[in-house]
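Add chains B and C to chain A, keeping to what the hints say.
Chains as they are written, first to last, in full-length UniProt numbering: chain A, 1 to 291; chain B, 1 to 291; chain C, 1 to 291.
These are computed hints drawn from the structure, not numbers from a lab. Beta carbons are placed, not taken as given, at the ideal position from N, Cα and C, and that holds for glycine. Check each hint, because a few of them may be wrong.
Said to hold, decoys possible - Here are a few chain A residues that face chain B, going by a calculated C-beta distance under 7 Å: (1) Pro-72; (2) Pro-73; (3) Leu-74; (4) Phe-95.
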Amino acid sequence: MASPWEELTLAFSSMSMFPFFDIAHYLVSVMALKRQPGAVAVAWKNPISSWFTAMLHCFGGGILSCVLLAEPPLKFLANNTNVLLASSIWYIIFFCPYDLVSQGYSLLPVQLLAAGMKEVTRTWKIVGGVTHANSYYKNGWIVMIAIGWARGAGGSVITNFEQLVRGSWRPQADEWLKMSYPAKVTLLGSIIFTFQHTEHLAIAKHNLVFLYTMFLVGIKIVTMITETATVPFAPLEDALRWILFGWQQQFSSHEKKSEIKSSSRGSGSSTSKSIAGTSDKVKKKHTKKTD
Amino acid sequence: MASPWEELTLAFSSMSMFPFFDIAHYLVSVMALKRQPGAVAVAWKNPISSWFTAMLHCFGGGILSCVLLAEPPLKFLANNTNVLLASSIWYIIFFCPYDLVSQGYSLLPVQLLAAGMKEVTRTWKIVGGVTHANSYYKNGWIVMIAIGWARGAGGSVITNFEQLVRGSWRPQADEWLKMSYPAKVTLLGSIIFTFQHTEHLAIAKHNLVFLYTMFLVGIKIVTMITETATVPFAPLEDALRWILFGWQQQFSSHEKKSEIKSSSRGSGSSTSKSIAGTSDKVKKKHTKKTD
Amino acid sequence: MASPWEELTLAFSSMSMFPFFDIAHYLVSVMALKRQPGAVAVAWKNPISSWFTAMLHCFGGGILSCVLLAEPPLKFLANNTNVLLASSIWYIIFFCPYDLVSQGYSLLPVQLLAAGMKEVTRTWKIVGGVTHANSYYKNGWIVMIAIGWARGAGGSVITNFEQLVRGSWRPQADEWLKMSYPAKVTLLGSIIFTFQHTEHLAIAKHNLVFLYTMFLVGIKIVTMITETATVPFAPLEDALRWILFGWQQQFSSHEKKSEIKSSSRGSGSSTSKSIAGTSDKVKKKHTKKTD
Numbered sequence: 001m002a003s004p005w006e007e008l009t010l011a012f013s014s015m016s017m018f019p020f021f022d023i024a025h026y027l028v029s030v031m032a033l034k035r036q037p038g039a040v041a042v043a044w045k046n047p048i049s050s051w052f053t054a055m056l057h058c059f060g061g062g063i064l065s066c067v068l069l070a071e072p073p074l075k076f077l078a079n080n081t082n083v084l085l086a087s088s089i090w091y092i093i094f095f096c097p098y099d100l101v102s103q104g105y106s107l108l109p110v111q112l113l114a115a116g117m118k119e120v121t122r123t124w125k126i127v128g129g130v131t132h133a134n135s136y137y138k139n140g141w142i143v144m145i146a147i148g149w150a151r152g153a154g155g156s157v158i159t160n161f162e163q164l165v166r167g168s169w170r171p172q173a174d175e176w177l178k179m180s181y182p183a184k185v186t187l188l189g190s191i192i193f194t195f196q197h198t199e200h201l202a203i204a205k206h207n208l209v210f211l212y213t214m215f216l217v218g219i220k221i222v223t224m225i226t227e228t229a230t231v232p233f234a235p236l237e238d239a240l241r242w243i244l245f246g247w248q249q250q251f252s253s254h255e256k257k258s259e260i261k262s263s264s265r266g267s268g269s270s271t272s273k274s275i276a277g278t279s280d281k282v283k284k285k286h287t288k289k290t291d
Numbered sequence: 001m002a003s004p005w006e007e008l009t010l011a012f013s014s015m016s017m018f019p020f021f022d023i024a025h026y027l028v029s030v031m032a033l034k035r036q037p038g039a040v041a042v043a044w045k046n047p048i049s050s051w052f053t054a055m056l057h058c059f060g061g062g063i064l065s066c067v068l069l070a071e072p073p074l075k076f077l078a079n080n081t082n083v084l085l086a087s088s089i090w091y092i093i094f095f096c097p098y099d100l101v102s103q104g105y106s107l108l109p110v111q112l113l114a115a116g117m118k119e120v121t122r123t124w125k126i127v128g129g130v131t132h133a134n135s136y137y138k139n140g141w142i143v144m145i146a147i148g149w150a151r152g153a154g155g156s157v158i159t160n161f162e163q164l165v166r167g168s169w170r171p172q173a174d175e176w177l178k179m180s181y182p183a184k185v186t187l188l189g190s191i192i193f194t195f196q197h198t199e200h201l202a203i204a205k206h207n208l209v210f211l212y213t214m215f216l217v218g219i220k221i222v223t224m225i226t227e228t229a230t231v232p233f234a235p236l237e238d239a240l241r242w243i244l245f246g247w248q249q250q251f252s253s254h255e256k257k258s259e260i261k262s263s264s265r266g267s268g269s270s271t272s273k274s275i276a277g278t279s280d281k282v283k284k285k286h287t288k289k290t291d
Numbered sequence: 001m002a003s004p005w006e007e008l009t010l011a012f013s014s015m016s017m018f019p020f021f022d023i024a025h026y027l028v029s030v031m032a033l034k035r036q037p038g039a040v041a042v043a044w045k046n047p048i049s050s051w052f053t054a055m056l057h058c059f060g061g062g063i064l065s066c067v068l069l070a071e072p073p074l075k076f077l078a079n080n081t082n083v084l085l086a087s088s089i090w091y092i093i094f095f096c097p098y099d100l101v102s103q104g105y106s107l108l109p110v111q112l113l114a115a116g117m118k119e120v121t122r123t124w125k126i127v128g129g130v131t132h133a134n135s136y137y138k139n140g141w142i143v144m145i146a147i148g149w150a151r152g153a154g155g156s157v158i159t160n161f162e163q164l165v166r167g168s169w170r171p172q173a174d175e176w177l178k179m180s181y182p183a184k185v186t187l188l189g190s191i192i193f194t195f196q197h198t199e200h201l202a203i204a205k206h207n208l209v210f211l212y213t214m215f216l217v218g219i220k221i222v223t224m225i226t227e228t229a230t231v232p233f234a235p236l237e238d239a240l241r242w243i244l245f246g247w248q249q250q251f252s253s254h255e256k257k258s259e260i261k262s263s264s265r266g267s268g269s270s271t272s273k274s275i276a277g278t279s280d281k282v283k284k285k286h287t288k289k290t291d
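So here's chain A without its partners, still in its complex pose (with noise of 0.2 Å):
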């Protein structure tokens, strides 16, 4: 006999994203897309061009993912019921009259649910493509983890490389790859339910969907209500990144030192510059040892 817990994941996990959740996703999807200087303006003048880009905005992770695994990317197109909800919600969020739409979605409770829904599907995503994956590669763990990122984070670099050829967005060097809250917070996500999915991770994934899920949402809402760019992963990732890279820093920030003086490389000094932030204790040592 299922407790009520067992009871309410089982439901949970097994609920339909279509259409409500999709509905949810299209909408935050293509208002985010309105959002974007002179985006208005080319729906009116080239209407064509902007149901493809807003096309992008809602389908992108699928089709990243089918790119990624030599699918037709145009598999998304297959499913004509979805493309005419996604199509829907294009038409009456760009031509609505009075804009009424946009006024709505301005409310904040209708903004929380709605981005609340759509981190749900994220969720539906990243376990779709762990398991898609896994059907192709059976001990492909990389590729289950690329996957499930790709389907439920790769709508942004879709966009960004759309933007790209359209010439409206030119990136910097520095800024390529450099992940967003959202990415990470999937990356962990896919990482997870693919220990989950081998068998690494012991826990029934009902409760993994439910748990993962209710963590995305609740983050989600807290960051929206109170407005802040806080990353809630910063010492999670500074531990990591004090596992991977800081035990070589009593070495390397020592060896930079001497570096730069007798060099003066802009890369080399700005980089030795953000490890000394955080090892103060490593430098004193130093100190001592280069005077």
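Relative to the frame of chain A, chains B and C by itself:
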């Protein structure tokens, strides 16, 4: 017993494109490449690069449709005969002594013949693309339209992308996906043939092929002779635009106007200006209201 | 009974690339990445971006050939061992205390050994690509050449494209597809192995593998020791250029000259200048004619 009309259209629609129509297509494509500034210089300095670009011009639509259906983009190279044919045409066009081919091509009747035959291949490509996409996705009529379109008019997308990578083209934000006349007529054809294929259009395929081809060739020849850049779709487009986006104008132009007064967004004003031009009657009605 | 030569070449051609030759390949690839300006700073600030770029450098050829054959570009990630190996090498090269690996690599014998072993992997990749393409297209010898070439030298195409997307590289119109020495030698090898595979070249595969590898390694070591940038293909290229494009020069240089007099196209003049340099004899003959 078939009528003469039936016989004519059946014979026409079972005509083979190879070799004469293919030759006309390659000829027109490579001549279009040769007219680009600097193309001749590139061919002398770096023949491989020039050959590669010429192949993209000749087989671009097929490559794009392969990419979209996750088939090998190199598939066209497996057809050795056609690749050698296209390469020979590239070779004689760029390296023929005294530039004889270009001089021959500058005669109007030759151009008319080649351009007309090239338009015939367009119909064959659209039909091929629609049928091919149908073998993947039974009910995916959106995919069928997209593939028919990609195969018929995708060459320009591929060559634009190649110019972007090469650095010889920088798109403006508003010219991205601004459809040219061939793109529009191919989209129309792709929609028609998809409807024919899904049996929503009660006309035999061979008749439709004949009529659509005659339409394409006729428009092309008239355009070339009169040297007009008129778009025969202008009334149709205006009607469609009115049906889809027109009815909001009485609301939105009103709204936009007050928006301009309160804020001074550049994009917003240019939009309402373009709308203003097409709806004088609507505007007057509002002027009274807003005054 | 096999002769010692046969035994040697058979043993050589059945040698496994994993792990030592693969390590050498990853080492040379990642060191090439590290020498790019700013790469070290990126690795400290954004390790994931740096790791991603390193993987593209290590597996670029395989990724390109997968894309061209519509196989999953993520296929290389399924080979967990090689990915972990390449990641470890990336890690110790970028984050090793005191930069020990870079210092060790700066010794000429180490460089020679690593570069030589990397060239050995090139032969294996070309042969693998040609064989793999043949399994798709039985008679597609153009495809076989293209895939052998892509797998052997496609890494630079992929990394250039990545730099383009990242914004740290802007191509000039005339340097696009200007083939480097590795690209040329790989193309030559790909053609040779394709002809061997289609039995147009009467030589056993293991002999050809041995000879071509020795040729590659020899050229590479001589180039590194003498620090020359001489291209050993210059005579071959000139001969080929003469056969293919030379015979038109007496016509076209004549024509070009009169063209320059009548018009003043910048591109045209630079072309005829480069031609002029190679065909003095031809020119003199024409000077009489035109005077």
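Do the hints match the structure? See the list:
With 7 Å as the threshold, the beta carbon of Pro-72(A) comes within range of chain B, its nearest partner Cβ sitting at about 4 Å, so the hint holds. For Pro-73(A), the shortest C-beta to C-beta distance to chain B is roughly 6 Å, which falls under 7 Å, so the interface hint holds. About 5 Å separates the beta-carbon of Leu-74(A) from the nearest beta-carbon of chain B, less than 7 Å, and the hint is met. Proximity of Phe-95(A) to chain B holds as hinted, the smallest CB-CB distance being about 5 Å (cut-off 7 Å).
Hint compliance for this structure: no hint is broken.
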